[in-house]
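Here's the letter readout for the chains.
There are 4 protein chains.
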Amino acid sequence: MIELVDAIIDLFIFKHLTGVMSMFDFSPTPEQQEMIEKATAFMDEYVYPNEKYMVPHRGLPEDILRPLQARVKEMGLWAGHMPKEIGGMGMGFVSLGLLSEIIGRSPIAPYIFGSMAPDAGNSEILWHAGTPEQKRKYLIPLVNGEIRSCFAMTEPEVSGSDPTTLQARAEKDGNDWVINAHKWFTTGAIGASFSIVMAATDPDAPPHKRFSMFIVDADNPGFEIVREIPIMGDHYTGGHGEVRYTNCRIPAENMLGNRGEGFKLAQLRLGPGRITHAMRWIGVAKRSFDLMVDYSLRRETRGKKLAEFQTIQNFIADSATEIEAARLMTLYAAWKMDQGDQARKEISMIKFFGAKVLQDVIDRAIQVHGALGITADTPLEGFYREARSARIYDGPDEVHRMVVAKQILKAFQAERQLV
Amino acid sequence: MIELVDAIIDLFIFKHLTGVMSMFDFSPTPEQQEMIEKATAFMDEYVYPNEKYMVPHRGLPEDILRPLQARVKEMGLWAGHMPKEIGGMGMGFVSLGLLSEIIGRSPIAPYIFGSMAPDAGNSEILWHAGTPEQKRKYLIPLVNGEIRSCFAMTEPEVSGSDPTTLQARAEKDGNDWVINAHKWFTTGAIGASFSIVMAATDPDAPPHKRFSMFIVDADNPGFEIVREIPIMGDHYTGGHGEVRYTNCRIPAENMLGNRGEGFKLAQLRLGPGRITHAMRWIGVAKRSFDLMVDYSLRRETRGKKLAEFQTIQNFIADSATEIEAARLMTLYAAWKMDQGDQARKEISMIKFFGAKVLQDVIDRAIQVHGALGITADTPLEGFYREARSARIYDGPDEVHRMVVAKQILKAFQAERQLV
Amino acid sequence: MIELVDAIIDLFIFKHLTGVMSMFDFSPTPEQQEMIEKATAFMDEYVYPNEKYMVPHRGLPEDILRPLQARVKEMGLWAGHMPKEIGGMGMGFVSLGLLSEIIGRSPIAPYIFGSMAPDAGNSEILWHAGTPEQKRKYLIPLVNGEIRSCFAMTEPEVSGSDPTTLQARAEKDGNDWVINAHKWFTTGAIGASFSIVMAATDPDAPPHKRFSMFIVDADNPGFEIVREIPIMGDHYTGGHGEVRYTNCRIPAENMLGNRGEGFKLAQLRLGPGRITHAMRWIGVAKRSFDLMVDYSLRRETRGKKLAEFQTIQNFIADSATEIEAARLMTLYAAWKMDQGDQARKEISMIKFFGAKVLQDVIDRAIQVHGALGITADTPLEGFYREARSARIYDGPDEVHRMVVAKQILKAFQAERQLV
Amino acid sequence: MIELVDAIIDLFIFKHLTGVMSMFDFSPTPEQQEMIEKATAFMDEYVYPNEKYMVPHRGLPEDILRPLQARVKEMGLWAGHMPKEIGGMGMGFVSLGLLSEIIGRSPIAPYIFGSMAPDAGNSEILWHAGTPEQKRKYLIPLVNGEIRSCFAMTEPEVSGSDPTTLQARAEKDGNDWVINAHKWFTTGAIGASFSIVMAATDPDAPPHKRFSMFIVDADNPGFEIVREIPIMGDHYTGGHGEVRYTNCRIPAENMLGNRGEGFKLAQLRLGPGRITHAMRWIGVAKRSFDLMVDYSLRRETRGKKLAEFQTIQNFIADSATEIEAARLMTLYAAWKMDQGDQARKEISMIKFFGAKVLQDVIDRAIQVHGALGITADTPLEGFYREARSARIYDGPDEVHRMVVAKQILKAFQAERQLV
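Residue numbers (full-length UniProt numbering), protein chains in the order written: chain A, 1 to 419; chain B, 1 to 419; chain C, 1 to 419; chain D, 1 to 419.
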């Protein structure tokens, strides 16, 4: 069969079959192609060689990070998720996906390209919902990479899968709001300049009208980082904080969006955020894949290269196939979003499908590396630890499966009623 | 989270983000859209209601089949895989894929739409390699659906994964060829008018030059159907024959293509054949999925609809996701082929990935139906039996994984040598 | 590593370590050992060679079956599940398991050894709950293999997972009962002499007191086999019937057990029945495994035996390991039952775990056989079709997982309340 | 079905079925039972509460560890793997397994019970192969827990799966040996008093006669810990060292065993070592399982306990079932070893099967805990990191599958030649 497959085929004889041209088009535009090439070359030359300077939970030292950021800005690849007016690239989701799968290959790259969580998501909310003053004070330095921020939603006392139970409270006192909250998994908390906090402003309103968002400066006397949570993955600069907000008094103009719009803004932030993660995961998976294939061609055991063992070949074939599937699904969801569709079902699909592909590919790459794979001598060990949370953050697999099923069941029922 | 997800989002606020338009385009052309709608309506009205008349291994009775075929021809949806000159639709692979995933929903549909194996593949070889006389005599009635054919490659004595070991022989005797062969898994043998037979013409030549193809009429005195092989799936009209060719004397003009081109033609036939199968599988999987969702909304147990159980919701979410992945991968491979690329890696990927999705989705659909699922009262039972062979025919999973791995390893090594 | 592992080790040096003797003892008694050897030899000599005479849904012809049954009775291996007083072997569950995994290797063996479903289960109920007259009239000829029987519980209109919704009714009329019911999946219905029917006698009683069991002769004028259900697997003699009971009038003495005890008796029948299935599955899996290994040592492709390919070796290793796991779990459950424990959790565990192992091992064995594997030329094709129902009958996987989880959760909660 | 299952059954009616008693006996002896209870109580009272003092890669501080060790010695549960003569418990493998699955529940317990790797394995070699002087000098303080040791086999330059390629060399110089080697993954290296080193003494001998073992004191001037390898798991005191032996001169009496016996001793060490790991994994899996069930009963989301969600119930059922399977297989292998059988196939089976169960159970437990699961606030995060190496150390999965397959194929072929 292999031999058959290796036979040379005169493909020209198929040509005439091509009549009605297909619309399904999987090719990038010239602009996208150029962006891909520039970003790839930059990764090779400037990003991978600097990975060794990454400090767990703290990222790159400033003196290494800053010049790299400057170069990215020069190249016009800074802040792909932001509109041009504010210093970003002003692209659609497909283009963002194509860039993200390159940036995703290195844990330091999102910081170098100005697209790291949670700042990217915070910028998006500020852009959409911020007042001119909020934009001036918080958004512009954030997009420029001058400051970092954090986002405070999850609380230790209640399930993250049911945000209607959040216990944080904001009470009006004169022209101020006074916030009391106990949050955790506040990514990037250490060193952040401000936090966007979700708190109940109308606890007795219907669940989706209960909450509002606020900007709290980190130097607010009531803002206290109780501890940095010891966590499996260490790729995020600023770690993950457990934070108490004790009688944090903030002026009314620090409300973000309107009163009762907290959920709407959170969803605005989370929806695209999920696809951004999925795009980045493709990059992590591809890098892991490349490391696996490369090592399998270098390492020998029992007189054969690892690549000659059928089990290893199965690892390679399965990984390549799964990455291809996840990638196409991600780009498909991005395309739907570019068409103005929420793509809620598609985003949930790639959230759990992509996270599994991510984990499986890294796992196989580690296995091929043997003992070396579980050391920090390759990026795989860090990828593996970081990847475990992908099935939890922004909604656990179980919730996303439920979302997909419910969307489908609803559509089936709607169709029935028509008939 | 569900609640969050259910919150209404003003999507217009995303709109401005869409700057550089994406090329990745997942929408059908207007012509494709029209084809899809016509085919879908025809399936609903004429195909599904006639499934009950299908006889295992024999298909639809002629008096039901013929009028349906006539309607399809009228609609212009006949023989999607063939050029217009010969009575087909003259489409590219993407268009063929979009049609095939509709036709694939019913085991009788390929016969009604003139695109059933092995006739479709045989038509393709005859079109590309046949002489004018062969086209007149064999191809035209075959494409018209007046006769059926079969294809004889696999032999019981040797592994189908290594075709260089095939033992069939054709010896020149004057102006004739005399063929001796023992073949099996000759799909559609019972009732076929002719067989395309692969036999060694130069057994001492290098493996890929050893074999040639011949057209043998079924009324040749040396053509003997030893038995109809009892086989798990029963969707193919004419069953699967074990056939002996004993001193089958045929005239020289019945050689198909040139001497020694057997492999090349087989590959030409198998390559696109594999993607056609994968396209059809999407249809089978989608039909099974629809049956599963529909039943889960109708059947109750312990006071709840099946659709309310989380395990069933997981089945639905996983199945929808896997079908989406397989579908995008199949269309991607088709698109590559439309660009003139052999897409060998992509075809092998969907061959084993798609076959697994197919089997898993049918399996879950059966499980949801409970005991009903293993009866012939729904199409699932037949789908399940038929699907088992998908991981074997046109190359077993194991070979396709090897093909994918070897393509990747070769590409990695080529890149290294450049550096 | 292999080389290391192949090094010869002086194991005597471990000996002294063995101080406290282990109680965990995995060896059979001499009686069990003798039984195993006799049964194995009989299978080789008399069972496998007669498989070719099996007729789908009808089993062995009488003239072949009867002499084989006589031999088994002579050997003292007849009706392993029955007490000695009634012509059985009077063994515990572990012994029954050891015998069943041998009998299970062939679909005709249960009929030859007098231990086929549903007769075995029916015998058990009759033995425990039957009146002396019922035992004389129904049990004795049944255990002797002179007649066959069937068991009627499942109904097409309601979910088999929720038996409290069964709609069959039995109404007292003078000294008679009049039964009206619509049943299906009545295994062995065609040719059965009588049916044990579950019907509501007190529809308004609490669910578990509603039903009673009745013996209905097949020649009752109201007993009508509507159709033989076309079903995927074909190993059961008498097929699977859809049966209507229309005003079936039967005398009061044909009630089996007491009024309202239907559930209790059904559970009595199903509990051990499930483990009997699991025991038999080990036999099917082992036979499939042996066929796989044997073929892998005989068949060559690309100049190598299949057994030399690492993927095939993985199939072998995984299959052997999973069979070992399922076997130990089954024997463990049997042992618990021999101690007087209901082993409800353990039985549910092997029900779903064993059914998966069964399906996976057959699946791999088919894959190794390639196209041959999906033909009836080996037993694998029939095993595969039959095995699909294992995840459905006697409770679907989903229910058994629920049972296991609820048992565990209940135990955890009980322990907490103690503390 | 649940309802059925919940029905009360008079089990006495089964009793008479129990005739031939089963030998398969899954109950512990009274001595084992007592050991289990004592160890369990000690874990509850003294081990779990001290886990919080564990320092990654360094274990418990001496002032906490020492008094706990003293208590264990008093209880007679010290060094279960060692004979009584030398201060151990003198048990067989089954008993050791029963104890190990308790000790395995906590990463600090092996140190408290005197059974931690690599000291346990080193003690075994020293006991079997050591001279009286070596026993006095190294074994006695090691078994007493006064010193720690390490074991040096793996080298960065060659594949650990093929030990015949090890490059370490020992050359005779007068009455001394001079060792040069570059080793890594030397567990416990930091703080060890001595290392057992595998080095080639006869590089030209047949592979299995090439190597010998030597005891090298850590204060040997040529012994240099190049670095502590940054590694995913952190449960081992003393970490994992990369160690250079540069012209390490040692006296002839420091050879362990005879010249050329290195492989034999390594295998002696690794064989039982593998089963000891598997035993311990059962404990890790059970602890993770308990944490999962417990949390599912405490945590609520959307108004329901996690334990009420069917997906979580599936996690519980699958985990319990897989643990049961792995446990029985491990005890079965131990039992075979107690019978004087090498149980090579069974040990390889549990090596890869058990490692997968371990990983899957921890993974599900983390998923149930959500974000909490990936923090160090529960033991799960550490378990997860440590567990990844289980599929690599003492032979990767791939090698163990090969061992199982080869053993089976060899047995099949042997049987054929008999026939």
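By construction, these hints were calculated from the structure, which means they are not laboratory data.
None of these values were measured; they are calculated from a predicted model.
Heads up, a few of these hints could be off.
Claimed, not checked - In silico contact screen, one side only, chain B against chain A (beta carbon under 7 angstroms); selected entries:
1) Phe-24
2) Phe-26
3) Ile-64
4) Leu-65
5) Leu-68
6) Gly-174
7) Val-178
8) Ala-307
9) Asn-314
10) Thr-321
11) Met-329
12) Trp-335
13) Leu-409
14) Phe-412
Positions of the beta carbon are idealized from the N, C-alpha and C atoms, including for glycine.
Satisfaction of the B:Ala-307 interface hint, Cβ to chain A closer than 7 angstroms | Nearest chain A Cβ about 5 angstroms off; hint holds.
Interface hint status, B:Thr-321 versus chain A (Cβ within 7 angstroms) = With a minimum Cβ separation of about 4 angstroms from chain A (threshold 7 angstroms), the hint on B:Thr-321 holds.
Agreement of hint B:Leu-68 with chain A interface, Cβ distance less than 7 angstroms | violated, 24 angstroms
Restraint outcome when B:Phe-24 is required to lie within 7 angstroms of chain A by C-beta distance = With Cβ-Cβ at 5 angstroms, under 7 angstroms, it holds.
B:Val-178 as an interface hint toward chain A, with CB separation required under 7 angstroms = Violated, about 26 angstroms.
Does the interface hint hold: is B:Asn-314 within less than 7 angstroms of chain A, judged Cβ to Cβ?
-> holds, 5 angstroms
Holds or violated: is the Cβ of B:Phe-26 closer than 7 angstroms to a Cβ in chain A?
-> Interface hint status for B:Phe-26: holds (5 angstroms vs cutoff 7 angstroms).
If you take the shortest Cβ to Cβ gap from B:Trp-335 to chain A, is it below 7 angstroms?
-> holds, 5 angstroms
Do the numbers back the hint for B:Leu-409, that is, is its least Cβ distance to chain A under 7 angstroms?
-> holds, 5 angstroms
Quick one, is the B:Gly-174 hint okay against chain A at 7 angstroms, beta carbons?
-> violated, 31 angstroms
Return the status of the interface hint for B:Phe-412: holds when the least beta-carbon distance to chain A is below 7 angstroms, violated otherwise.
-> Holds, because the Cβ-Cβ distance from B:Phe-412 to chain A comes to roughly 5 angstroms (cut-off 7 angstroms).
Closest C-beta approach of B:Ile-64 to chain A relative to 7 angstroms, hint status | Violated, about 26 angstroms.
The earlier numbered hints that this structure contradicts are 3, 4, 5, 6, 7.
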